[in-house]
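Colleague: Work out the full structure, taking the sequences as your base and the hints as a guide.
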Amino acid sequence: MAILEVQNIEKSFDRTPVLKDISFSLEKGQALAIIGSSGSGKTTLLRCLNFLERPDKGKIIVQGETLFDAQDASSIKEKDIRMKRLHFGMVFQAFHLFPQYTALQNVMLARQLLEKGKPGFKENKKKIYEEIETEAKELLDKMGLSDRMEHYPHQLSGGQQQRVAIARALALKPDILCFDEPTSALDPELTGEVLKVIRSLADQNMTMVIVTHEMAFARDVADQVIFMDSGVIVEQGDAKQVIENPQEERTRQFLSRFSQTV
Amino acid sequence: MSTIMEQMPIVFHALNVGFLQTLKLFFVTLLGAFPLGLIISFGSLSGFRPLRYLTKLIVWIIRGTPLMIQLLIIYYFPGLVLGKTIWSGGEEGRFMAAAVSFIINYSCYFSEIYRGGIQSVPKGQQEAGLVLGMTKRQIFFKVTLLQMIKRIVPPISNEIITLVKDTSLARIIALQEIIWAGQAFLKGSQGISGQIWPLFFTAVYYLVFSGILTLFLGWLERKLEYFK
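Going line by line, the protein sequences match chains R and F.
Sequence positions in the first sequence follow my numbering and run -15 to 246.
Sequence positions in the second sequence follow my numbering and run 16 to 243.
These aren't lab readings, by the way, just hints derived from the structure by calculation.
Don't take every hint at face value.
Claimed, not checked - Simulated DEER-style distance windows between Cβ atoms:
(1) F:106 to R:64: 53 to 61 Å
(2) R:-2 to F:98: 49 to 57 Å
(3) F:95 to R:36: 38 to 46 Å
(4) R:38 to F:107: 51 to 59 Å
(5) F:61 to R:56: 23 to 31 Å
(6) F:95 to R:106: 35 to 43 Å
(7) F:160 to R:228: 48 to 56 Å
Quantities reported herein were computed from a predicted structural model and do not represent experimental measurements.
A virtual CB, placed ideally from N, CA and C, is assigned to each residue, including glycine.
Modeller: Laid out in structure tokens, this is it:
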């Protein structure tokens, strides 16, 4: 069974269609890269998965559970949405770390708030907090940031900030981790260190949806690729095949601009 | 006529008593206007149009008319026009009326500063909180609030310093604050009359107090410099 199934998603902003009949599915442990030019709807699609936008039509199904169904109003209650979101993690292009917290606090905050709402928190507060801290430190360690835990975001480089953001998303143990152009705000050197981290997550079979302009990276790391153009999926399939041997004329056109880097 | 040296203990005692009333009005106003301003700013940011327009109307009226007029209306209107006094007699009633006027007036100014502060926090902060499963309440208190406070400290400091001196407007309803206390020696009080220096000297109280506040607010601003 697919871990993620997206069925016939449509979305318009002020009557301008942004997503038209988007369907795809993703197996557990796979990485899906979404490529396409700016304005093709890639980011909107990711935002729909994270409930930052509401699709006008369609369904989102995770592990067989329908999280969102545009026809079923009861599936879009504000309270439930918060818990549904936790199936997904999100890493933004501009990091969006919380500036007033250290790297470590950024990673711990959401977990701490989440645990607070659970029964039995008060009795075990100390133990729970220690656990969260241990796990957060392990995550930052994996991101190669063990010596940056007490730094504030403005004291970190863009690449380091993005790695903190990845650790922050992983701290909630999402089923599917989404990346929205995670390296577009970084210079080539910093891009490398962030891609390395994402690559290692792929090696650990983390299920991921990655919107990216890094074609070589998509080809080597992703299992599947979706090419989008003006709100529709033009081509989808095995990453290597789509990128090296695209079938559609529009895909070929798009990829030819990257021919030097691929 | 006594010498200035003999007048001093009497005058300073009276000025101290008056200044205490000034301080009381100052702190009560801040205590009331800080939270009320936040509520008003939520109103002016509300997605519910009637509430937003009503809030903007109130803010317009309060900011568009002199505080002195507002003081007079709030103090005299219930008794003179409605025929029903709501303020108890004497200094206590005057203080209540002054405090209510000041809180309403300053919360409107604060609300606009808050609104700017809230709107200046990037939307991405809220979205980052949402995708991490936080409630809107948690996002406001744990993420947005401190960033907003950092941004509004300079403009709020300005209002706070203005408030120090605005408290003197309460003189218009005969609140016995420091200006009233100083002026009393011009007209005659406790055997001293025709003396203008006590009134002049009240300026020193304001100056010293706003100096202390400036130091404190500057310290607060530096305290929040640990993040960007």
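Colleague: Next step is simple, just say for each hint if it's right about the structure.
Modeller: Evaluated hints:
For residue 106 of chain F and residue 64 of chain R, the hinted distance range of 53 to 61 Å is satisfied, since their beta carbons lie about 56 Å from each other. The hinted range of 49 to 57 Å is satisfied by residue -2 of chain R and residue 98 of chain F, whose Cβ atoms lie roughly 55 Å apart. Between residue 95 of chain F and residue 36 of chain R the C-beta distance comes to about 56 Å, which lies outside the given range of 38 to 46 Å. Taking the beta carbon of each, residue 38 of chain R and residue 107 of chain F are about 55 Å apart, inside 51 to 59 Å as hinted.
Between residue 61 of chain F and residue 56 of chain R the beta carbon distance is about 29 Å. The supplied range of 23 to 31 Å therefore holds. Against the hinted window of 35 to 43 Å, the Cβ-Cβ separation of residue 95 of chain F and residue 106 of chain R comes to about 56 Å, which falls outside the hint. Distance hint for residue 160 of chain F and residue 228 of chain R: a CB-CB separation of about 51 Å, consistent with the stated range 48 to 56 Å.
Against the hints set out earlier in the document, violations occur for numbers 3 and 6.
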